[in-house]
Amino acid sequence: MTVTESPASPLADKAKELVRVHLRIKRYDPETDTRPRWQEFEVEMSPGDRVLDALHLVKWTQDGTLTFRRSCAHGVCGSDAMVINGENKLACINLIKNIGTDLTIEPIRGLEVIKDLVVDMEPFFAQHRSVMPYLIAHDDPGYKERLQTQEDRDRFDDTTKCILCACCTTSCPIYWANSEYVGPAAIVSAHRFIFDSRDDGAQERLDILNQKSGVFRCKTSFNCTEACPRGIKVTQAIEEVKRAILYDRV
Amino acid sequence: MNVHYHSYDAVVVGAGGAGLRAAIELAGEARTAVLTKLYPTRSHTGAAQGGMCAALANVEEDYWEWHAFDTVKGGDYLGDQDAIDIMCREAIDAVIDLEHFGLPFSRTPQGRIDQRRFGGHTRNHGEAPVRRACYAADRTGHMILHTLYQRCVAKEVNFFNEFQVFDVLFEGEGADRRAAGVVAYEMATGDLHVFVSKGVLFATGGYGKMFKISSNAHTLTGDGPGVLFKAGIPMEDLEFYQFHPTGIYGFGILLSEAARGEGGILRNSDGERFMERVAPTVKDLAPRDMVSRAIHAEIKAGRGAGPKSDYVYLDLTHLPPEQIDSKLPDITDFVRTYLGIEPKKDPIPIQPTAHYAMGGIPTNVHGEVIVDDHNTVLPGLYAAGECACVSVHGANRLGTNSLLDIVVFGRRGGKAMAEYVKNVGHPDVPRGAEVKVRERIEQLKAGTGSEKVGDIRTTLQESMTLDASVVRTDESLSDAKRTVEELKAQYANIKIDDKGEVFNYDLTEAMELGHLLDLAHGLVVGAQARTESRGAHWRDDYPTRDDQNWMKHTLAHLEQDGSIRLSYKQVVAGNYQPMERKY
Ligand SMILES: Cc1cc2nc3c(=O)[nH]c(=O)nc-3n(C[C@H](O)[C@H](O)[C@H](O)COP(=O)(O)OP(=O)(O)OC[C@H]3O[C@@H](n4cnc5c(N)ncnc54)[C@H](O)[C@@H]3O)c2cc1C
Ligand code: SF4
Ligand code: SF4
Ligand code: FES
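Going down the list, the sequences are from chains A and B.
Under this note's numbering, think of the first position of the first sequence as 147, with each following residue one higher.
Under this note's numbering, think of the first position of the second sequence as 13, with each following residue one higher.
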């Protein structure tokens, strides 16, 4: 076998000239600003680099005060949700060559901005905790594993992928209008347990989600599904939870 | 800058797999605070992909003793065999515990926890690869992290999120020291918090960000080891740093060994399966150090691919597409995202990537930190996870043994600390314990120097990747040492842009860089002294293992003047006698 270089390989990009990337970033420093302001930066980078790399270039070479969260840099930790050219995205999984060289970056909406792209995540995590996001099992399995068929395991596979990045919840128009709404991410977390054959807490969670701030606020507009960087079918999970409440069946 | 005082029985620093597992043991037993610079679910345990080994024998015959043998041999006989026995024996319960906590393992057709092959794990002392790794698709670490976090939510564990620990506190002096707490920096306000506590457990993860090509998160900067190193506690076996063979070319993002466990093959630019030559029995599933060196050798011999001939391929194109989708969905997505190629059709360009610290804070099997060559314990101080060195991984960690390490020794550390704090009084910490940290922060903000954190870090990373990675020589290590020492001098003269109180990552990155520099220093000095090749530490100028002189753990000490002094500690022997490492 001989290996042929795919035309889309990294080298095709690395070999290309560097490109100039123009960033327009919404900034806010609570210690000096009374309201948010826009600031523009130019950086040079390879088209195969990430939006996160552009932010780092600014922070590390031009303006160390630019503030954003990040950690893993490959889409698994959920730290760097932001609004990039109008859409909720993780900065670390979007490459310049796909998203373009003109970037407008803002903090995610619906949570209070603390500084630049950093928002207060506490309400989001509180909503997550409110749906009892842990296995509730009343059986005593002893020293053995519980059994679970592959089919039963598949029922909630999709919602186990959630990284709690908040892209979904902060793209939801209902959540923007009313932050009491528990939001799609918390429903995804609940779904992960409601449909787990080992769990006995479905009824309690469904009761929580049947409340005023719960699942029936959702108007099925699919923003959340489009925003999810993990490709979770968020709206479908919400529908499954609604049906479980309506038909009293998991 | 306001200062707040807190009083606890137990403080856990870090909320990755190790910290959370310890917290579960402490919850309800002792008044516990968990301090973490990231929200717990952002910890890098969540990035682990492939699996966690335990001899459950769910799919084929297996015994924990076989697992122990593989671990000893994989670690090139530097691992402590008492600890390895414990880890491999307790692995089985550890997996069952996780299942009971709700971890959604992938299942066999009979509904049991499924197991897959992984590098270096064999049946009957090396006969053939064995299916030992329990997994949840290729996001095992994500599921472990979330499951443990969920347990902590259920147990109402007290988290201090986005609190970064800058210093450790002791009561007493010299040999009479005992742990007394930590000083933490609250990101949201810039306030300092003094946590006075009877017990402190560090679980701050790795320090792979001292290398340029790395699978590690930006936040893996060795804070726990760095803080303790400065406080006069030695670091064990820093020179043993693992380079994973399959990082995405140019990015270093990891493609799990599970890809080869599922049948993936490494090929050079001629399309040759070169691992057949290097390790005839286990081929592509040889331990990581061997595979990384084999890749290095292929590239050096001119059989690397690409315009710079500096990578090889991971080939998955012969695997059934359904198998790729069900067993390796995430990592094939990474390839699509970052390289824009379809792994079902095209082989994937890969290169070795800095991955895992075998070395770290020396501990015994109860997670107690030891401070000298005689295994003297510092009362109240514990460490677990990647930041610790028990040592179960010896000179080279086997895949899946870290997720195992964090849950087994996280649990043991938590349990031991819960016991300890019941039997001792509250430490006496005088007011002003935070002054040192406060002065450091003020000094950084007032700094008018010319050096930038980003520049120093980049130079460090490039130098370490070039001179202190897969293959080392006396000369390359001298170069690295010189660079690190120069950078340490420059570091004394840095300037940060952000003088604010709120979310000052400019400041925290500067603190983190200090840890990376000290640990890199210890690494290169230890590596230069070790004139042998063992596990991940390969010296081209000393290409054989030298059990006569080097069957011992290094302890690096950071001296007051910033230099490194080395001492050595015995390896704990056991059932398995050193033999040549062939696969
Ligand atoms: C991409 C990748 C894939 C991997 N795959 C596998 C695998 O398949 N199998 C396997 O066994 N191992 C694997 N590993 C290794 C394994 O995942 C790690 O070694 C392990 O998860 C480390 O866990 P930890 O709890 O020690 O640290 P981490 O999970 O890194 O957690 C560190 C914690 O410390 C906190 N912290 C750090 N500094 C401070 C500070 N100054 N103050 C307060 N808090 C602090 C952080 O907030 C975080 O919560 C992989 C590693 C990587 C990078
Ligand atoms: S589908 Fe429901 S939860 Fe999702 S964005 Fe629309 S209203 Fe919000
Ligand atoms: S469902 Fe998707 S978008 Fe929402 S928090 Fe989870 S991973 Fe993020
Ligand atoms: S930095 Fe972890 S998801 Fe982007």
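No wet-lab data here; the hints were simulated from the structure.
This one's a predicted model, so the numbers in the text were calculated from it and none came from an experiment.
Watch out, some of these pointers could steer you wrong.
What the hints assert, rightly or not - Label-pair ranges, simulated between beta-carbon atoms:
| hint | chain 1 | residue 1 | chain 2 | residue 2 | range |
| --- | --- | --- | --- | --- | --- |
| 1 | A | 287 | B | 463 | 18 to 28 angstroms |
| 2 | A | 286 | B | 561 | 29 to 39 angstroms |
| 3 | A | 288 | B | 586 | 46 to 56 angstroms |
Stated by the list, open to error - Okay, derived cross-link-like pairs now, DSBU-like style, lysine-lysine, Cα gap no bigger than 30 angstroms in a straight line:
| hint | chain 1 | residue 1 | chain 2 | residue 2 |
| --- | --- | --- | --- | --- |
| 4 | B | 464 | B | 448 |
| 5 | B | 507 | A | 172 |
| 6 | B | 320 | A | 172 |
| 7 | A | 243 | B | 224 |
| 8 | A | 388 | B | 457 |
| 9 | A | 379 | B | 457 |
| 10 | A | 172 | B | 464 |
| 11 | B | 167 | A | 290 |
| 12 | B | 357 | A | 243 |
| 13 | A | 290 | B | 427 |
| 14 | B | 356 | A | 243 |
| 15 | B | 167 | A | 358 |
| 16 | B | 320 | A | 243 |
| 17 | B | 357 | A | 172 |
Said to hold, decoys possible - Away from chain A, derived, C-beta distances all over 12 angstroms, residues of chain B:
| hint | residue |
| --- | --- |
| 18 | 158 |
| 19 | 338 |
| 20 | 501 |
Glycine residues also receive a C-beta, built at the ideal position from the N, C-alpha and C atoms.
Comparing the hints with the structure gives:
| no. | hint | result |
| --- | --- | --- |
| 1 | A/287 - B/463: 18 to 28 angstroms | 57 angstroms, violated |
| 2 | A/286 - B/561: 29 to 39 angstroms | 54 angstroms, violated |
| 3 | A/288 - B/586: 46 to 56 angstroms | 31 angstroms, violated |
| 4 | B/464 - B/448 | 23 angstroms, holds |
| 5 | B/507 - A/172 | 25 angstroms, holds |
| 6 | B/320 - A/172 | 40 angstroms, violated |
| 7 | A/243 - B/224 | 23 angstroms, holds |
| 8 | A/388 - B/457 | 53 angstroms, violated |
| 9 | A/379 - B/457 | 46 angstroms, violated |
| 10 | A/172 - B/464 | 25 angstroms, holds |
| 11 | B/167 - A/290 | 22 angstroms, holds |
| 12 | B/357 - A/243 | 22 angstroms, holds |
| 13 | A/290 - B/427 | 22 angstroms, holds |
| 14 | B/356 - A/243 | 22 angstroms, holds |
| 15 | B/167 - A/358 | 27 angstroms, holds |
| 16 | B/320 - A/243 | 22 angstroms, holds |
| 17 | B/357 - A/172 | 41 angstroms, violated |
| 18 | 158 | 8 angstroms, violated |
| 19 | 338 | 10 angstroms, violated |
| 20 | 501 | 20 angstroms, holds |
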